[in-house]
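Undergrad: Sequence:
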Amino acid sequence: MRYAVVIEKVNETYSAYVPDLPGCIATGETVAEVETNIRDAIRFHIEGLEEDGLPVPQPKSVAE
1 MRYAVVIEKV NETYSAYVPD LPGCIATGET VAEVETNIRD AIRFHIEGLE EDGLPVPQPK
61 SVAE
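Numbering follows the UniProt record's numbering, in which position 24 of the sequence shown is assigned residue number 24; successive positions increment by one, without gaps.
Please keep in mind that the hints were generated in silico from the structure rather than gathered at the bench.
You may find that some hints are simply not true.
As the list claims (entries may be wrong) - With beta-carbon atoms standing in for the labels, derived distance ranges:
(1) 12 with 51: 32 to 42 Å
(2) 31 with 2: 12 to 22 Å
(3) 52 with 12: 14 to 24 Å
(4) 2 with 54: 26 to 36 Å
Said to hold, decoys possible - Straight-line alpha carbon distances no greater than 16 Å define the calculated EDC-like cross-link-like pairs of lysine to aspartate or glutamate that follow:
(5) 9 with 29
(6) 60 with 33
(7) 9 with 47
(8) 9 with 33
All residues carry an ideal CB built from backbone N, CA and C; glycine is no exception.
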């Protein structure tokens, strides 16, 4: 599955979140770092949902 990710610059750092996975967020000093961190966050978020027996949301957001 491929989820849309929103990356925002906040002062001198970057933050990212996944609209289709509420609570799935990451930060980083660079765009490359936040991209790596959000990939890890998505994986851990999905693993946590599965371990708790909760449904994993399907990607619905559209990225341009």
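Undergrad: Indicate, hint by hint, whether the structure satisfies it.
TA: How the hints compare with the structure:
For the hinted restraint 32 to 42 Å between residue 12 and residue 51, the CB-CB distance of approximately 35 Å keeps it satisfied. As the Cβ distance of residue 31 to residue 2 is approximately 18 Å, the hint placing it in 12 to 22 Å holds. For residue 52 paired with residue 12, a C-beta distance near 36 Å fails the hint of 14 to 24 Å. Distance hint check: the CB atoms of residue 2 and residue 54 are about 20 Å apart, inconsistent with the given range 26 to 36 Å.
This hinted pair checks out: residue 9 and residue 29 have alpha carbons roughly 10 Å apart, not beyond 16 Å. For the hint pairing residue 60 with residue 33, the CA-to-CA distance comes to about 25 Å; that exceeds 16 Å, so the pair is violated. A hinted pair counts as satisfied when its Cα atoms are at most 16 Å apart, and residue 9 with residue 47 does not qualify at roughly 27 Å. With a C-alpha separation of about 12 Å, the suggested pair residue 9 and residue 33 falls inside the 16 Å cut-off, and the hint holds.
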